[in-house]
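Quick mapping for you: the protein sequence lines, in order, are chains A and B. Here numbering that gives the first Met the number 0 is used: position 1 in the first sequence is 0, and no number is missing along the way. Here numbering that gives the first Met the number 0 is used: position 78 in the second sequence is 77, and no number is missing along the way.
Worth flagging that the hints you see were computed from the coordinates, not collected in a lab. Please note that the accuracy of each hint is not assured.
To be verified - Only pairs whose alpha carbons sit at most 25 Å apart, straight line, appear in this in silico BS3-like list of lysine-lysine:
no.	chain 1	residue 1	chain 2	residue 2
1	B	LYS45	B	LYS55
2	B	LYS55	A	LYS45
3	B	LYS45	A	LYS55
4	B	LYS39	B	LYS55
2 protein chains.
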Amino acid sequence: MTAVNTENESVPTPRERLLDAAASLSYQDGVGVGVEALCKAAGVSKRSMYQMFTSKDDLLAAGLERRAAADERLVPPADSPSSPRERILYVFERLEEHALLEGYRGCPYLAMQVELKDPEHPASRVGHRVKAQLEAFFRDEAGRGGAAEPEFVGRQLVLLFDGASARAGIRADDVQGLAAATAGTLLDAAGVR
Amino acid sequence: MTAVNTENESVPTPRERLLDAAASLSYQDGVGVGVEALCKAAGVSKRSMYQMFTSKDDLLAAGLERRAAADERLVPPADSPSSPRERILYVFERLEEHALLEGYRGCPYLAMQVELKDPEHPASRVGHRVKAQLEAFFRDEAGRGGAAEPEFVGRQLVLLFDGASARAGIRADDVQGLAAATAGTLLDAAGVR
């Protein structure tokens, strides 16, 4: 957090390389990925790493944070003219697309929390906050779309999102024709237009 | 797999103690739990452990298998007189109860697969098989209850189950009043009685 930011488009800094390595290797291999492997992937010495981050936990959290900042693709643009219902379904349509990608391992914010098993871990907190934002998006759109209980619909939809991303991530179900259709069923029942 | 089975109710064998330690410690702390910790918890030497299991992976799989054999609580008894709809909702009501338990970390079969990130791992295969059985239960009951597309309803319900168990396991949502109610909404939409 103290490094001077010298980033530009083409040359990531050592700090950025470490963050990207932490995000991608933990996503691919799990939170048990070693510091050595992270440093090697980033091309940064362990000594330098520990000058930038107090611990691997700290690095994992900062890596997830950086991923979240770049990860705006799931939610439609704020100025899209679509209805609340369409804006909610957009999220599930993107999820179905992502589920087909070869390296897809499910929602990284959910996986991080499932693996760490500690809601107080700094990376769990990042994951929790990102998903709370998604739940708030669902709730607000459901409310705008006429749901009598928008908070309840928000809980339902983020639960559905996590179930679909988890099952696609473990290759139990490709969720094609399933995630968005089920969201649609829940929106119908809640009267969201 | 080769040990003579000398088990009785009160004295678990070293093999059983290892299996129970593998199931409970991996559930509590994750699949990264060390062989030393497993042997210590079981009161078994590493040497003995490697005489019984070829690897930690093998032990994790066998531990999950043993857990699955003991874990019949989620599904109602085969001879229960309830309707298909009630039998399906029973599963989600139990899930809501389990979600309140202090040590609850979500569905162990899902967590194992999320953590291992390898569908071919022997423990992933156990987890996958157990959940495929749950999906088949949902599908068969939905069919008996009059669903036009029982397979689709089975996919929806196991997705809902995994989402609810994951969110409860990470303490993002206690799923009270949520899991069974959402299952009910999906059953209504599918016309399952």
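We went through each hint and held it up to the structure:
Among the hinted pairs, B:LYS45 with B:LYS55 is consistent with the structure: their alpha-carbon atoms are about 11 Å apart, no more than 25 Å. The straight-line distance between the Cα atoms of B:LYS55 and A:LYS45 is roughly 29 Å, outside the 25 Å bound, and the hint therefore fails. Simply put, B:LYS45 and A:LYS55 have alpha-carbon atoms about 29 Å apart, too far for the 25 Å limit, and the pair is violated. Annotation: proposed proximity of B:LYS39 to B:LYS55 holds, straight-line Cα distance about 14 Å (limit 25 Å).
When the structure is compared with the earlier hints, violations turn up for hints 2, 3 and for no others.
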